[in-house]
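Chain R is fixed; fit chain C onto it per the hints.
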Amino acid sequence: MHKTLGHSTGRLIGMLCLGFMSCVVSVSHAAEIIKPAQRIVSLLPSLTETVCALGACNRLVGVDRYSNWPESIAQLPRMGGGIDPNIESIVALKPDLVLMAGSARGVDRLRSLGLTVLTLEPKNYADVQNALGVVAKAIGVPSKDSDRVWRDMNAQVAEISISMPQYAKAQRVYFEVSPVPFGASESSFIGETLQRLGAKNILPQAMGLFPQVSPEFVVRAQPDIIMVGDSNLSDMQARPGWANLLAMRNGRVCTFSPKESDVLVRPGPRMVEAARLMSQCLLDKSASQAKPNS
Amino acid sequence: MSLNKSNHWFFALTMLLLLAIGIGIGISVGSSGLGSLQNAWRDDVAWQIIWQIRLPRTLGAFAAGALLGLAGALAQGLFRNPLADPYLLGSASGATLGVALALAFYGGNQFAPDAFVRVGLTGAAFIGALFAVVLTLLLAKGVQHTMRLLLAGVIVGVVMGAIASLISLMRPDVLQNMQGFLLGSTAFIGWSAFFVMVCVLLPCLCLAWFFGFAMDALSLGESTALSLGVPLRSMRIVLVLLVALATGTAVAQTGLIAFVGLAAPHLVRSTTSVKSASLAILSALMGGVLLLVADILARSVIAPQELPVGVLTAVLGGGYLLWLMYRNQNQGGLR
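If you're matching them up, the sequences are chains R and C in order.
Taking our numbering, I'd label the letters of the first sequence as residues 2 to 295.
Taking our numbering, I'd label the letters of the second sequence as residues 2 to 336.
Note that these hints are calculated values from the structure, not bench results.
Every residue gets a Cβ at the ideal spot worked out from N, C-alpha and C, and that includes glycine.
Be careful, since some hints might not be right.
Quick look at which bits of chain R chain C covers, simulated, 3 or more residues with Cβ under 8 Å [claimed, not checked]:
(1) 91-97
(2) 104-114
Far from chain C by the CB rule (all over 10 Å, computed), these chain R residues [said to hold, decoys possible]:
(3) 83
(4) 87
(5) 201
(6) 237
(7) 245
Next comes chain R alone, as it looks inside the complex (with noise of 0.2 Å):
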């Protein structure tokens, strides 16, 4: 870090030198984390979750703008967001670590400033597994307490979806995203929550993890149940041929608040409540189809 420079009165001829070591060097940012973070600022909010589910909340100092789980985060300082990542307030903090995507803005700028960046984007399962153990590992917390927190989720996610009835299973579900519209597939956590509780996925895996769906797909597809936040819904029924789904028809539509659509699109430690979140929809409007059935 270029921060070893003295205090010396030569600090300001140090400063052209300075300034061109920082743009010819490139600064090597340690792959090798030495010694537990102990002030960490979080930029994705799955990330921020993830560090709080590993016991280390405290040791946040600050997050972004969309970070807002656990409750105990709600006094911490916001750095801005994926695409703008406030650089000085970061920096500011003194950090020892900053977690982020690695789509976000702004990474290879923040370590060049000397910051320890490590870059997770989890999009499944195993992402999921992953980011946990290397958090863990980044903090300080022993791989064995990791390793722990991730076979609970597992354990009740399978919980939930032991406890699925029959008649709720095979349910053909459309998860939707974002209105563009964005659907989740069956290779993204989303889809392998669903498949987990034993519903089959519109969209197949083959489209990629968060594929954009043609309206008509959907009409062709005709899911049995639609998984949708709630405000996208009145942009969903004024889709061409969508107000005739048989889904929409019969209200087997779930809609879910803000609160819960955070819940349910961060690849996190609460994909068990998402989990729950989904499985009570399946319960509920696979009921109301069986009945008239019946």
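Here is chain C on its own, set in the frame of chain R:
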């Protein structure tokens, strides 16, 4: 055109004075407040904030604005059209496409070849901008016909913009970054970005000064310019390359920043009447000061949060231009 030499110097000195004041304010304000400046000599992190974040950012904002202002003045001289914008030759969309491609390839693959990572987004934007301009030139079959050049620029811009949008639609993970790029920001300028811009700015300024006489001749009409012995063809090629280089470099470091390139030459013309050479230099100074002021506002208005500077320049520049237009309407519209 009346020439008032002392007027130019006065204008230039005012700009330099504003630059000096701007640098002073630039290193004092930011998310972490004035405290960083007071503690800079005691606290290493405060020092780092001043020296490695605020100063390069402040100077970088000036350099990027200067590049855009210069490119704007050159584009307006080249096309003999006061509404010409440095983004006209498709360079903005080209840069956007370059960034979209880089993100789509690099973003999805953690193990991208090292060289590619090193070229990075800035390189991709720069290459994209240059590629777009070359394509525009090819489509326009050279630089002789201004109308054809303008039209080709618009076409290349639209097509490349569409491809960039398509890529970000197909790759939702890229959307966020693309959005950031389109907003424009001076927040990520470090010393290296600043030096790159200065290394491009200085030779561009020299060349613009050198070709000023030719642009003056061109302003009298093509046939007059030719009869005066101006080598129109080679001059146009140089000017087009200068516009592309200046715009590409600025866009690569900051993303798309609206209106500076368009507004700076107008602001210069509205205060002083100048020859093309001086107009280019003064527009560069004006553009630099404009973006510097916008940057200072961007980081102080809602501190400790920040506004994207591109949004601010669009609102301020657009508003000012509109005012200028209405004010001058009685005098025959925009000068």
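| task | Sort out which numbered hints this structure fails and list those numbers smallest first. | result | Those not satisfied are hints 3 and 4.
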